[in-house]
Amino acid sequence: DTEVTQTPKHLVMGMTNKKSLKCEQHMGHRAMYWYKQKAKKPPELMFVYSYEKLSINESVPSRFSPECPNSSLLNLHLHALQPEDSALYLCASSQTGIPDEKLFFGSGTQLSVL
Amino acid sequence: AQSVAQPEDQVNVAEGNPLTVKCTYSVSGNPYLFWYVQYPNRGLQFLLKYITGDNLVKGSYGFEAEFNKSQTSFHLKKPSALVSDSALYFCAVRDYYNFNKFYFGSGTKLNVKP
Chain A
1 DTEVTQTPKH LVMGMTNKKS LKCEQHMGHR AMYWYKQKAK KPPELMFVYS YEKLSINESV
61 PSRFSPECPN SSLLNLHLHA LQPEDSALYL CASSQTGIPD EKLFFGSGTQ LSVL
Chain B
1 AQSVAQPEDQ VNVAEGNPLT VKCTYSVSGN PYLFWYVQYP NRGLQFLLKY ITGDNLVKGS
61 YGFEAEFNKS QTSFHLKKPS ALVSDSALYF CAVRDYYNFN KFYFGSGTKL NVKP
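Listed in order, the protein sequences are those of chains A and B. No gaps in the numbering here: position 83 of the first sequence is 83 in my numbering, and each next residue is one more. No gaps in the numbering here: position 99 of the second sequence is 99 in my numbering, and each next residue is one more.
So here's chain A without its partners, still in its complex pose:
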C-alpha cells in the first residue's frame, strides 16, 4: 500500500464552524506533513510531525490545530476560519532522516470557507 488517503475530498464550512481533515497512511512513514495550496501556486508547508511529535510549525494561525494520534494518522482541526483560508489542503508522508526519500502526497481536501 503506497497511498496517502485524505478525507473528505471536499468541504464547505462557515466561519463559525468546527471541522476536521483526516489523513492516513500505512507505509510505516514516521514523518507526516500538512501543506496548503492555492490555485496554480506551489504547496506551502504548514506543519510537520516526526515520530508523532510536532517538529515544524510554519507560524500557522491558531485556528488551524494539527494532531497526530498515532504513526498512521494525521488530523487538522479547523475552527473560526476565514474566507482566505479556502484552498487545497494536502497531506504528505515520508521516511524520516533519509535525504533521498520522496514525499508521498494525498489527493487533498478542497476547502471552501463561506
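Some hints could be false.
Straight-line distance between alpha carbons at most 25 Å, and here's what the computed PhoX-like set of lysine-lysine pairs gives [to be verified]:
| id | chain 1 | residue 1 | chain 2 | residue 2 |
| --- | --- | --- | --- | --- |
| 1 | B | Lys-49 | B | Lys-109 |
| 2 | A | Lys-40 | B | Lys-109 |
| 3 | A | Lys-38 | B | Lys-109 |
| 4 | B | Lys-113 | B | Lys-69 |
Please keep in mind that the hints were generated in silico from the structure rather than gathered at the bench.
Based on these hints, arrange chain B on the given structure of chain A.
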C-alpha cells in the same frame, strides 16, 4: 538557504515534440532535487529525483532530468510529449539541514497541443 526557481510560468509544445521544463537551484551543501507533477484537483505525484551519481536521471512516464552543477540547473525533459503530459510541474529541493523541509518552485504549466 535553499531555494529553487522555475523561470517559466507556462510552456507550450506540440505533441510528439521534445519538451523541457526549466529549474535552477540555490543550496547550501549537497542538493537533493526532485520533480513532481500535479493534475487538476489532485495531489502531487513524484516523477524523479537527483541525490548523487549520474547527472542524467530517468523517472516515471518517460521523463528524465539533467543535473548541471556548474549552471545550478535541474531541467526536466521528455523526448516526445503527449497530450496527457499537460499538467502543472514543480521542482523541489530538500533542505540539507532539515530533511523534513522541502522548498517548491513556483510551478510551470505545461500545455501539450495535439
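*Is the straight-line distance between the alpha-carbon of Lys-38 of chain A and that of Lys-109 of chain B 25 Å or less?*
Since the Cα atoms of Lys-38 of chain A and Lys-109 of chain B sit roughly 15 Å apart, the hinted pair holds (cutoff 25 Å).
*Is Lys-40 of chain A close enough to Lys-109 of chain B, meaning Cα to Cα at most 25 Å?*
With a Cα-Cα distance of about 8 Å, the restraint between Lys-40 of chain A and Lys-109 of chain B holds, given a limit of 25 Å.
*For the pair we were handed, Lys-113 of chain B and Lys-69 of chain B, check the Cα-Cα distance against 25 Å.*
violated, 32 Å
*asked:* So if I understand the rule, the pair passes when the alpha-carbon distance is 25 Å or less; does Lys-49 of chain B with Lys-109 of chain B pass?
replied: holds, 20 Å
In this structure, only the earlier hint numbered 4 is contradicted, and the remaining ones agree with it.
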